[in-house]
Each structure stands twice: as C-alpha cells, then as structure tokens.
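**Student:** Chain by chain, the residues run as shown.
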Amino acid sequence: MARQTMQQAVVAGIAEEMRRDAGVFIMGLDIGQFGGPLNSCKGLWEEFGAARVIDTPISEGGIVGAGVGAALMGKRPIVDIMFLEYLGLVLQQLGCDGGAMHYYSDGKARVPLVVRAKFGVGPYHGHAYDYHAWVAHLPGIKVAMPSNARDAKGMVKAAIRDDNPVLFLEHMGLYHGTRDEIPEGDIVVPLGEAKLVRAGRDVTVVAIGAMVRRAQLAGEALAEEGVEIEILDLRCIVPLDKERILSSVAKTGRMVVVSEAMKFCGSGAEIAAMVAEEGFRFLKAPIGRVATPNVPIPFARNLEKMIIPDENAIAAGVRRAMATG
Amino acid sequence: MARQTMQQAVVAGIAEEMRRDAGVFIMGLDIGQFGGPLNSCKGLWEEFGAARVIDTPISEGGIVGAGVGAALMGKRPIVDIMFLEYLGLVLQQLGCDGGAMHYYSDGKARVPLVVRAKFGVGPYHGHAYDYHAWVAHLPGIKVAMPSNARDAKGMVKAAIRDDNPVLFLEHMGLYHGTRDEIPEGDIVVPLGEAKLVRAGRDVTVVAIGAMVRRAQLAGEALAEEGVEIEILDLRCIVPLDKERILSSVAKTGRMVVVSEAMKFCGSGAEIAAMVAEEGFRFLKAPIGRVATPNVPIPFARNLEKMIIPDENAIAAGVRRAMATG
Amino acid sequence: MSNRNETWIALHRLMLATRELDRVIGAADGHWHPALGEEAVVAGCYHGLRQGDALVPHYRGMIAASYARGGDLARLLAGLEGKATSYTRGRYRSDVCGPIEFGIIGLYSGALGPTLEYAAGAALAAKLDARGGVALAVFGDGTASRGNFHEALNLAAVLCLPVVFVCQNNQFAISTSSAREHGGRIVDRAAGFGVPGQLVDGNDVVAVHDAVQGAIARARRGEGPALIDAFTYRVGGHMASDPGNYRSSEEVEKWKARDPIALHEARLLSEGVLDAAKIAELRAAVSAEVEAAMRKAQSDPMPGPEVLGLDRVFAGGV
Amino acid sequence: MSNRNETWIALHRLMLATRELDRVIGAADGHWHPALGEEAVVAGCYHGLRQGDALVPHYRGMIAASYARGGDLARLLAGLEGKATSYTRGRYRSDVCGPIEFGIIGLYSGALGPTLEYAAGAALAAKLDARGGVALAVFGDGTASRGNFHEALNLAAVLCLPVVFVCQNNQFAISTSSAREHGGRIVDRAAGFGVPGQLVDGNDVVAVHDAVQGAIARARRGEGPALIDAFTYRVGGHMASDPGNYRSSEEVEKWKARDPIALHEARLLSEGVLDAAKIAELRAAVSAEVEAAMRKAQSDPMPGPEVLGLDRVFAGGV
Ligand SMILES: Cc1ncc(C[n+]2csc(CCOP(=O)(O)OP(=O)(O)O)c2C)c(N)n1
Ligand SMILES: Cc1ncc(C[n+]2csc(CCOP(=O)(O)OP(=O)(O)O)c2C)c(N)n1
Ligand SMILES: [Mg+2]
Ligand SMILES: [Mg+2]
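Protein chains in written order, with the working numbering: chain L, 1 to 325; chain W, 1001 to 1325; chain X, 2001 to 2318; chain Y, 3001 to 3318.
By construction, these hints were calculated from the structure, which means they are not laboratory data.
Just so you know, even glycine gets a beta-carbon here, dropped at the ideal spot from N, CA and C.
Check the hints yourself; a few may be wrong.
Not everything, but these chain W residues come out facing chain Y in the computed CB check (under 10 Å) [what the hints assert, rightly or not]: (1) Ala1071; (2) Leu1072; (3) Met1073; (4) Gln1092; (5) Gln1093; (6) Gly1099; (7) Ser1105; (8) Asp1106; (9) Gly1140; (10) Leu1196; (11) Val1197; (12) Gly1200; (13) Pro1239; (14) Phe1280.
Please model the complete structure; the sequences and the hints are all you need to start from.
**Tutor:** So, in structure tokens, the structure goes:
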C-alpha cells in the first residue's frame, strides 16, 4: 500500500502501463526534464527517456493529430495537452475524426489514444474551464474524470488499455490534495461504472470530480437535518452508467445533478434529461441541477468562489428537491 | 412581397444590412465571384465588390479570428465558414475567446460578429454534422437556426445588428426547398423568441430547423388519431425562450423534444432538463427526446435516412408520451 | 525489361487509370472531384510505396491511391455511393477515404488539414519501431493554408520524423487561385522549418516519382522530413459539374497543352520503352478494367440495416 | 532636445519600468512571468504607437504594454489579483490582457495563438477604414509553433493587411528551447508567405524600435504585413518561481552580459544624451512610481458581488 496524491497515482499508473507495453508512449509540452506543469509527468522522462516521453512544440492540434496517427498505426499514445481549456484546439482531431474512425472503417481502424488534461478551480489560478460536454456529444470517444487518487490510477490504466480515444480529466483542486491508500498490484477501474459513495434513501445526488467531496460534505450536513442523500460518483460521462443512476432514483424518487462545468448544455443536462425520459415514473420532485452558471469564470478569487457549487449550494439544491412531492 | 427560398432570403437580408451599414462586410472561402457553396452569397460580390465581399484562404480559425478582431475594432463582420462541420476549427476564437470578451472587459469590448454555417441532412451529401450544442454551452454567444425563409431573413438581420457573436445556422435541406412569401420592408425577427406553429392541447413538441416541418407532418397524422400536438419552433437555442416552452408544457403536461443533432449532450437535453427542473409540476409523462443517435453519420443514403428523425419517429415519440400519465 | 522501364510503364498505367476513373465517374456523378491534368502527381506519388508504409493521400486522387495500394477497383467504386460491397459496407465514402487495411489514412470528416498531422503521427510510430517505415502525406495547395500544415511540418522537423509531404499544387482551391490563397510559394515554406523543399514539375510523372522516392529514401535513412511542391494545374472544374468560369480559357488551354499523359507517352515512345501499339493496348486494357469495375459497382446492392450498428461505435462494442 | 534623444529616453524609461515591474511583482507573486532580459523588445515595440492603432501584445510584457499606451499603473497592478479598482473591476486579469479602452487586444483565455488572428482582423478593419491605421502583434517564439501563426500571416499576406508581427524570441517556451520548439528560424518563415522578414538584435532597444517603426510605416503606406524576429533571451525563469534549471548557467550568464538596459545606458552616455546623474534620477523616479503604484494596488479592495453580473454576459444584457 502506498499513500499517494492524485498526481502521483496518475503518474504511477502511466509508468506501470509503459513498463507493461512498449507501445505506450507520452507526448506533450514540457513533460520531459521539466516534469510537466504541476508535475503531471514527474519522473517519466528519467525512467523512460526522451524517445518515449516526448517534449513537443506548442501545437496542440498537431500533437493530438500525431497521437491519432500513431494510434492508427498500432501504438498507444498518451497526449498531455496541459489544460482542458485548450480542448477547442484539438476537437477536430480528437473528437470529430478520432471518434469516427473505428465506426467509419467498419471496425477496422482503432484509435487507442488517451488525451490528458488538467482543469478545475483550485489552488492554481486560471485554466479552470471544463468543456468536457463537447466531447461527450461526439460518438466514439470516452470521457473519464476521477474524484480520488485510487480511481485516478485505476482509470488511467483502463484508459490506456482501451481501444478507443479517451479524454482523461485531472482536477487541479484534487491534484496535490489529500493522499489515498493505493493497493499494490494491477488495479484497473473499468470505464463506465459509477460508484456509490454514500447510501441514502431521500435524494440521489449525482456528482463527479471535485464535486464528489463537496457532495459528501453536503451529505453530512443534511444528515443532521434528517435528510439522507445517496451519492453516486459518476467517474465517467461516457460511457454513462445509466443503470446505477436509474436504480438509485428508483429508490429515492429524487435527483440532484451536481456539476462544476457550466450548466447550459453541460453534461448534467444529459443526465437530467435521461432520467426525465427513462426514470420519470420514479420521480417525486423536480430534477435539480446545481452547476456553475454560464458566465466566463471571473478572475478575482472571491468572485470565482461565488459561481462554483460548494457544499452549501449542493445542500440547498437537495432541500429544494425535498420541498416538493 | 417576394417569393424566396431560404438561400435567397438570407442573401437578401445580408445585402440589406450591407446597404444600411457600411461597417458590415462578409468574408469566407469562395464567396466572391464563385458565389459561395450552394450559392450562399450569390450576388453580393457583384453588388458590393471585393473590398466588402472578401475571398479568403482555407483558414477557418484565421478568418473567424480576423472577424473577432475586426468586430472589436467596430466593424460588423460576417464570416461564412461553409459548413458547421468545421466548427471544431473555430471554437476557440468564436466561442471561448469571442464569447468572453464583453464580460471580461467589464462591458467595454463588443464582438458584433456573425458566423454563418450550413449543415443538415438534405440533398447535398455530406457535411451534415450539427455541433451547435458546443457553442450553446459557452457564455456570451447566441445560436440561431431558422426553419423557413421568412424567419431566415429576419433572423440574419437581427444577428447582424446584435452586439454579440451569433452562430447563424442554415439547413441545407431547407436551403433551396420551398419558397416563402417575404413581406417587403425591414423585417427583423428578434433572437430568442420561439414561435407557435401549431396549437394543440395534448403534447408540446419543441422542434427547430428542418425538424419543424417534420413535426408538422407528424401533427397532421396524429390529428387523425385524435392527438393534438402543440409545436414550438424554437428558432434560437441561445437565448432560449424558456417562457414559451414552459407555458406550453403548463397547458399540455407533456413534452417531446425533437432534434437532428446527436442526442447525447445535445441541446435537446438542455431543454428537457430545464423543463424537468422548472416545469416538473406540469408534467404528466416522461419527457421524450427524438434525436439522431450518437453515431457518425453513415454515408449510404438509406443508412443516413434511418438515423435522422422523420415524421414517423416524431409521431412515435408523441404516442409514447401519450401512453403514460 | 529494365527496372526503369517497368517503373515508367507502371506510372503510365496509373495515370491512365486515374484519367479513366475521372471519365467514368465524372459522367455518373456531378459531385466527383476529377484530377484531370494532375495525373502525374497522383501516379508519381502513389506508385512504389513499401508494404507497411503509411499513405495519407489528398482527397483528389484518393480512389487512385487506394487502387495503387492494392484495393479492388469495383469495391472502391462501390464506395462512391456507399454500397454494401464497399470496404466499409456503406458506412463511409471511398472518394475521400481509402481503406485502412491498405495502410491508408484518409479523411474521416470533411475537414482538410488534420491528415497532415496524422501522417506525422504515423511517422512517429514508424520512428519508434525503427524498421525504416515512412509516411507519405499528399495535400492540396489550398489545404496548405490551414494551420495543420504548419503544426505538422514543424512537429516533423523538430522530432526528425520520417515523413514526406507533397503538395499536389493545382493552383486552385475551388475558385480561389494561388495568388488569393497563399502569399509566397508553398516550396518556400520548407526553409522556415529547416526542412528541404523541392519544386518539381507536377506534369512530369517521372520527375514527381523520382523526387518523392528520393525524399522517402532520405526519410528511411533517418534524415527527417521533406516538402515537395509538385506544381501542376487543375484542368477540370473543382467538381465534375463545375464549369470553372472564374479563370480564363487561355490559361486552361495552356496547361492542357502540357498534358502529363501525352508528355509521358511521348517519352515512352522516344525512349523506346513502348511502341504505339503497346500504348494503345495499355489504354484499352485500363479502360476496360475501369468500366467493368464501374458496372459491377453500379449493380451492387445498398447495405441493409444490419450495417448501421449503433452498438458498434466503440471498439469493443457499445 | 532632439526627436531622436526624446525617443531614446522614452525607450529607456519604458525598459526601466518593465524591469521594475518584474522586480516588484516578482517579489509578491511566484506566478508572475518576468520579461527579464527582454526589456528591449518590450520597450522597442510598445513605445510610439499612434492613437487608434490596434496593439496586440505578447502576454509577457502585457502590463508594460498597457502602461505604455496610457494605462494607470496602479489600476493595472490591481488587475493582478482582480481588485475592484482594476480596469475590469476584477472580472479578468491584467497580466495577460490589457484594457481594450486603450486599443489593446489581450488574451481573453489561456490559449496562445489566436491573438495573431485578432491582429489580422484589426488590421482588416483599419484597411477598410483607409485612414492609415495599423495593428501590431507581438508573440513568443513558442507561440509561433501554433497554427494560428500560419493562418494569420498567410491571411495578412494575401489580403495585404497593415499588420506588423513581432516575435519576442526569447529562445524558450517554458522549458522548451528553440531547437526543440521549431525547425528553422522564425525569421525564415516570412518568405513562405511572400512577406519581408527581418532579424533584429532583440537586446538593442533602438534596433528593435527602428525595425518596428519601419515596418509600421510600410504598413501604413499600404505595402502590407511584415515579420520581425526580435532575437533575445529569457534571463529569468518562465515564472518568477521557476529556477530554470533545464539550461546551463553559462548560457544565462552569457546573455546577462548583454543586458539591454546596460547597453542602452552606455549608448545614452556615450552619445551624450543623458549623463550619469540624469540616468540615476530616471531610475529612481521610475522605481518610486512603480513601488507607489504597487502599494496602492495592494491596499485596494476586492470586488463585491455586484461585479459578478450574471445578467451582463451578453452586450445588451442577459
Ligand atoms: C477545413 C476545410 N475547409 C473547407 C473545406 C471545403 N473544401 C473542400 S475541397 C476545398 C478546396 C481544397 O483545395 P486544395 O487543398 O487546393 O485541393 P484541390 O481541391 O485543389 O485538389 C475546400 C475549400 C474543407 N473540406 N475543409
Ligand atoms: C495554446 C496554448 N498552449 C499552451 C499554453 C501554456 N503556456 C503558457 S506560456 C507558454 C510558453 C509560451 O512560450 P512563448 O510563446 O515563447 O512565450 P514566452 O513564455 O517565452 O514569453 C505555454 C506553453 C498556452 N498558454 N496556450
Ligand atoms: Mg488545389
Ligand atoms: Mg519564448
């Protein structure tokens, strides 16, 4: 057992896969000797050398495109684009083209590519934008977002072994935060399985990434009011674990979807719409969405704090859900 | 009164605005002497010359970026990117940067930019993808999609006069189709107002673009079964006309959202989620979504036809909504 | 027959096939993008690649590229309408995307540009394997205005990747002439990346072929990428249905007079590689082959709903 | 005082301010991106623009650019933390985005590259107005790897836009040295767009200023865009907190010895523009000004919730 931060766990997972499979390599800006922003690749260059830990120019489209090309030729590239804020620079290659190749080739092309990106409001001021819904809208590409170090390791390993492009998201607010016990051995967390992190009878709270911990805090506060929420850590937006969501709502009859991404047309809308369509018979109350409003993230720390959902906002959303039905 | 196709109406609207305001100009690929793919700019070069109808290289990011820059300096550029399929090439400039400038500058910057794009399954085989949800997810930019020639003219004029970036979407299946009577004079259709195109008591059908006509056909078939649907032509995704949607659902208690865009994380999810949150008390049945499944649009015409919602799929969605509650 | 003669005949055969494809498909489909006048670039590039090399063709010439790599012509033509017999069973179009099973990376969307980056990535894979593999990327002069060109060339230069970039420079991007498409010459962009640039007569199939093969050999030796500007002219319209009236007929006629097939035919005759009878025979054989393939493709069935495969979007299913 | 002398003193003043900003901000904020060693490029570019010209600065040097255009130093520094007194009242950061009211187009996101396209667009607006306005875009050598560089330069070339592109070439993009960032030299990219390219000593403020002003004058005359490669060195770390240990200290020392401020000071002395006493006076004045502004900024309040303005995202409201 090792106690590791999310940053350490992700790097450890990548290193294990690079040891296991000579076809795995990683490229990105400043990931070599520099170790990557926020140490996102710390130690990889020292162990695997410049041939497999490749520093590149500031050409996000070029390196994701090169990742697609190398993946088509049988490699398993990992591309670190630094920040999810740059997703708009790579969407064509990663999503539109990369996601379609397997299907369009009638199953003959495979694109086992992982694109890593940091995001989220946290101690690092800037680059917080979370645009993952764009990729989730596209066919043929998976979207993973761990909420803790253990899952981060297991999910990055699953992502690397996956034969599809995977967007792997690392929240900067969780990155160097608390440490988790990581079991020895080959832990792999299959993509597409949500995790029950708190059982409860009253309201289903669907959260992801940094929102999971905040939902847990809200859950503790609400318990004191006698409200027991059930929290699902979604872990992946694609594939979406519809079964676990629906069966929880079947039990509670109420749902609040929590998201750090902007609300309008965010992936929280998909989850709410899915339940409004497929789980309507279970619902006793409106489906609440607690999300960042559609506003450019303001820079001043205090303004920034006002727009990102915290435990109070989540608890308030739950209380609204309890107030009807 | 002139009888015009959507293509003619859009061009006429642009020409009127170019006559009105010397700051309006248009740029894009092959829009000059060539007249634009599908005649999207036919006649503009002849009337306004190469200084205001500007042919550009194949540099979608560059020309949308140049549009942003010119707009910041007080012009009112229109950029024709040919096809919405290329949205991924311009998202940073148009959406992430362009949409944030007004807010981030504390209201001092204005980006009166219109980006036009054709899309949709129709007689033109290819370039059908509808990625508008990406832009709708971003703050500070509007998204307009007319369903008929008259609205197209009024909306393109409103878009040009708007002080925000607007993504203006032209469906290729409607482009050279039926002609509408276009009243003389300065018709302007404000962005953000949905239109009631069929009144009915049983189910609210929210549609947009080419789906409006199909919903109307479904409405006729359903009427023979005694089911009266109320059809809203959304016209804009941003701003979203929440009031009209909610008041229709308040009346009918049922809603089906129809969309040619892919279902997962599409804008139809936002509409469903909004009603599941704010109109839950009206709902008697699950909110149905009739949309294109998340699959790369297959090329064979018969396969393509299978995935795009038609009047039968819409009617089936309505019948499902009627079957419960 | 000497090695050189064999190559020259093969080049001629591929040029003839390219032209026959234009004739036969163009008659059936107004949306077809003919390579009329550009056959020397098509044949010069696509003939003679090694098994295992990655080929990233320009869309204009994609069917010829797929054929040159061993694709079945009838199946390729079936892909024009998405017939069940095509390489993707109708899921995708063959005119912009060749079969991946022949090492071809085509356009998987309508967007021009990213394929240059896929070529760089394929070359990176080859470099990691260190077995002398290369990637060949062909693209239009208009496509060279996209930022992807810049990022791909720079990345290839910095990482010293075994990739050859060839601009099929037909001087037009739809209606946009070179002067309005790019400042400067494409070939002069090479220096900005520290990469050798070579201008070749794109109407001389042997010149194109030799330049491409030379650059490929250099790349195989680990000496890095190269840019070739194969300068030619789009004699036809952008599409079969495009009258191309945005340029003078004198200009078109001038270039027609430098027809690459006629030029090479004259060389084959003057160098005694083939006589007139053999040349006519070759033409007739190619023509018959293309026509037969087209007839077959046209009578092939459309795919059934089982091809749709909504649960086959991801590798591994769902 | 002669025109030349005035300009030289103003350039010196702006270099001194740039260095003082680095010293004062760097001490307070480890995330600050110092322009240490690059002051000649900063001052040489940003001094002397006309009212109405569009300025699109590099992020490194943004505060100095905003100051040079007339921004209030205390308000600019207040923007480092998003204070209520800053030009955007805290909605956005001043270190990467100068106030639009001074004709500055900054970075409205973290993405490097698109600003070159905004500059081309601002130049297009100026061209349509035909009143001799120009746009000046400054960007890093690392940024030059982005496709935006290519698209912006090509567009500017083809449309003959009045825009000057200056590469603040400090030979590093974070830890990535020139050799690993770009094949070839930045200046050599100009020829590929048919645009004049000029390499200048980026440690000589007069050389930079003259080159930039020359290119601007040319652009004003309607002769189109130009690219200037202002070659210098990033003496400091990427951020104030970066030890920069991915390069040799000899290399750093070598460049420190060519300190642009010392070089220009020597010239001011030897040409008799200023004597030692006047130079010391200038230094002290600039230092006092920057320190006072910083004190003011640091004591300013953070914004209240009224600044949030969720209904002010769109012009015209909502
Ligand atoms: C990114 C992008 N923009 C626009 C188009 C539309 N388009 C299709 S072909 C073409 C012209 C391409 O010119 P070039 O690269 O010179 O190839 P050519 O047609 O001359 O063979 C254009 C603009 C596209 N396919 N992709
Ligand atoms: C598109 C993009 N990719 C990556 C980054 C992260 N980043 C911030 S500064 C920087 C280095 C920029 O290098 P250069 O353009 O040479 O400017 P310098 O820092 O040397 O002044 C990078 C990579 C970014 N801001 N934008
Ligand atoms: Mg061309
Ligand atoms: Mg630099």
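**Student:** Hint by hint, say whether it matches the structure.
**Tutor:** Checked hints:
Given hint, Ala1071(W) at the interface with chain Y, holds; its Cβ is 7 Å from that chain's nearest Cβ, closer than 10 Å. Against a cut-off of 10 Å between C-beta atoms, the interface hint on Leu1072(W) holds, since the closest Cβ of chain Y lies about 6 Å away. Hint on Met1073(W) holds. Least Cβ distance to chain Y is approximately 4 Å, under the 10 Å limit. Given hint, Gln1092(W) at the interface with chain Y, holds; its Cβ is 5 Å from that chain's nearest Cβ, closer than 10 Å.
With a least beta-carbon distance of about 5 Å to chain Y, the hint placing Gln1093(W) at the interface is held under the 10 Å criterion. Below 10 Å, beta-carbon pairs count as interface contacts, and Gly1099(W) has one with chain Y at about 8 Å; its hint therefore holds. Hint status for Ser1105(W) relative to chain Y: holds, with the closest Cβ pair at about 5 Å, below 10 Å. For the restraint placing Asp1106(W) at the interface with chain Y, the shortest Cβ-Cβ distance is roughly 4 Å, inside the 10 Å limit, so the hint holds.
Contact between Gly1140(W) and chain Y, as hinted, is supported at the beta carbon level, the nearest pair being about 5 Å apart and thus within 10 Å. About 22 Å separates the beta-carbon of Leu1196(W) from the nearest beta-carbon of chain Y, more than 10 Å, and the hint is not met. Evaluation of the Val1197(W) hint against chain Y yields a violated restraint, the C-beta minimum of about 25 Å exceeding 10 Å. Checking Gly1200(W) against chain Y by beta carbon gives a least distance of about 30 Å; that is not within 10 Å, so the hint is violated.
Because the smallest distance between the Cβ of Pro1239(W) and any Cβ of chain Y comes to about 6 Å, under 10 Å, the interface hint for this residue holds. Using the Cβ-Cβ criterion of 10 Å, the hint placing Phe1280(W) at the interface with chain Y is not satisfied: the shortest such distance is roughly 23 Å.
The structure shown violates the earlier hints numbered 10, 11, 12 and 14.
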